[in-house]
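If you read the sequences in order, they're chains P and G.
Under our numbering, the first residue of the first sequence is numbered 1, with each subsequent residue one higher.
Under our numbering, the first residue of the second sequence is numbered 1, with each subsequent residue one higher.
Hints should not be assumed to be uniformly reliable.
One copy or any two copies: either way a pair holds, since identical chains are not told apart in the list.
As a list, the in silico DSS-like pairs of lysine-lysine whose alpha-carbon atoms are at most 30 Å apart [as the list claims (entries may be wrong)]:
no. : residue 1 : residue 2
1   : LYS29     : LYS39
2   : LYS425    : LYS301
3   : LYS425    : LYS291
4   : LYS277    : LYS425
To be clear, the hints were calculated from the coordinates, so they are not data collected in a lab.
Small disclaimer: the values here were computed from a predicted structure and weren't measured.
One-letter residues, chain by chain:
There are 2 protein chains.
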Amino acid sequence: MDILNWSSLDTVARTATLQRPALSNDSEKAATVAAIVAKVREAGDAAVREFTAEFDGASCSEFQVSPEEANAAVTQLSPDAIAAIDLAIRNVSTFHTAQLPTALTVQTMPGVQCERISHAIDAVGLYVPAGTAPLPSAAIMLAVPARIAGCETRILCTPPRPDGTADPAVIVAANRAGVKEIYKIGGAQAIAAMAYGTATVPKVNKIFGPGNSWVTMAKSIVAADAAGAAIDMPAGPSEVLVIADAHASAEFIAADLLSQAEHGADSQVLLLTTSQKIASRVSAAVTAQLKTLSRAAIARKALAHSRLIVVEDLECAVQISNAYAPEHLILQVEDGRSWLPSIRNAGSVFIGPWAPESVGDYCSGTNHVLPTNGFARAYSGLGVDQFLRHMTVQELTVDGFVGIADAVMELADLEGLDAHAAAVKIRLESLQ
Amino acid sequence: MDILNWSSLDTVARTATLQRPALSNDSEKAATVAAIVAKVREAGDAAVREFTAEFDGASCSEFQVSPEEANAAVTQLSPDAIAAIDLAIRNVSTFHTAQLPTALTVQTMPGVQCERISHAIDAVGLYVPAGTAPLPSAAIMLAVPARIAGCETRILCTPPRPDGTADPAVIVAANRAGVKEIYKIGGAQAIAAMAYGTATVPKVNKIFGPGNSWVTMAKSIVAADAAGAAIDMPAGPSEVLVIADAHASAEFIAADLLSQAEHGADSQVLLLTTSQKIASRVSAAVTAQLKTLSRAAIARKALAHSRLIVVEDLECAVQISNAYAPEHLILQVEDGRSWLPSIRNAGSVFIGPWAPESVGDYCSGTNHVLPTNGFARAYSGLGVDQFLRHMTVQELTVDGFVGIADAVMELADLEGLDAHAAAVKIRLESLQ
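This is chain P alone, in the form it adopts within the complex:
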């Protein structure tokens, strides 16, 4: 990997260095996805069946995972794998349960009571991609907060394998995390089926989960339609930024960079370090470690647009990181915690040598569905919140109403909204 020196770069070069890989804006694919969504909306299960045959090469008479398939899935996993799934579910549950909001009741004025009440979204749809790797961890990260929020209908779609079955680890993880309805449907057809409902698949109010460009485009389409479904957050390629000082382990850093790079060819990994020596060692270690990886070809593509950057000091590194707003930020510096108050824009932060990104990806307890592509400037990662809605309530006593009445009428007058004032006046008159 090339090593750049930040202080020797001009503004244009700096911007180019932090440029994320451009997302393809494929209008032909967008039209195809729109057609798939429209057809599933219109023809329901028949269209889903057709697209499943076409895209997944699977012929499914029944989309739903049967109790038999679910039982068989358990037998295909080792006890250690099941124990690991359970540990992940436990930790993610612990952290997400702590996020549950409490109801608020506030007297804003004597006799004027305002409340905020949280409700789970009634029906949610979870999407777990298969693609280059089946992702039981994604099933956990989506299903656990949905269960803790209390969403009544929780369904999950995941693409079938060519033999018509679903990945057993995804089935087991989803089941154990409280999702009993699993449909073997993938891609844009899964998103459309959940957004509009079919004879088999219940309609949901909000769709969560990662996916490829087909899934992402379909999610945008249904989110823009009031008759469709809301979505969790905008998608983008995964990314990590590591800040390291001279005390860091080059081997650990290289391993963390590679664990991000193996996600996909469009992943981006960045190292900002105050040490030229660390930069050189990381470069060498990446090359060495890469040789042992089964997904080296994917990682190599991601590394092609990734950067090792030497910076003057850690203040500068933090400043660059805040401007970049990484999905994952690893602080491999002495007393990493002391830098935390300076971090403003990041999805999830990993402090110190013993918090590799893969811990958060799987089972520390934090959610791994995080804002990428700079969206951390305005979006949060997934939490219980996104499975809830807040409803406000107001109730006034007669005295409370009388006390606020003049202000309401004044403000209505300022806006020229007579009927708003009249609704107050007619009540005041009734009291005379």
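Given chain P's structure and the hints, the job is docking chain G onto it.
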């Protein structure tokens, strides 16, 4: 207004009755809006100046409201109007301050610490429309939570009047609610200026506020662009649903329906009542009260697609309301609070005879930016939350890491992600 009897309607008729007015899907207008956004992004202030002359008929040499204009605005308001603005700011501040989340720290396992930290979004843009009425209340509802969240850059755009000034009440409300930077820019050009920044207008990370179809379309465009800005929520016409029993006041109900109907021709108002007599009286009262209103022409158009519906019992009314998911729900029934636990989908609820919708629109303390068009099924109204982001953090002790290491490697194996396992393995080996 026509009175319908719910039990005599078949399923098709019921669906038609609750149908919201269709939103126009004007592809020609969409292209125009896209062109405006693109031009402002490219040409900045010059483009804003051109569109301001074209659409607002105003020639602005300076977009920003000057201290002189702000001082002059104060003198144009009565002391009572200023007191009403201050009361609204106080109540909205009280309720929104109570919403501030506390930081979370959770040990999910011994030595595995997960945290959630909330940060204000650095820069937010607030849009306050002028249109048929200037809306100082919108300035309050947007500016107060932005200030309480702690957003460092808070700017507000509002259309200029033909003489180049902004509405004085909007200026005063914004200033007193903590927004000092006000730009006299309206429509799609305002949204583009805030999303991309110009020489004059700072770029923001998220844009909030209501607007007409031009504003709404521009918000969708910039939200879909990673280089643009996030937005608060999807827009739709305002609406109210009133549930009333025989004890309710027909006069109060009529006044509440009209205060919603005067918002715009596309507003929708619904009454669900168990009493045929109340339905008839409301119909008569609406006709009578309508005569006195300055915005009767607008209200009449809204009433044309609004409904008075007689239902068998309150359970049925609540069921219909939950399916409709109104922006505003007024419970004019005996012991309204006892029905609150049954209400699932609504933006804001108004309980009892002394909580007209206009109280919440202006100054009870709740936010009046609420999900319309059925979006209450998946979205919350505006609160401090939407001006914040949650960032998660994890830090592990050596022992914590060792305790979780096997589970991480198991899960990585299940997903075939070698590098994820290797990042753990290399650390374990370093301990030997």
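**Item:** Those earlier numbered hints the structure runs against, lowest number first
**Value:** none
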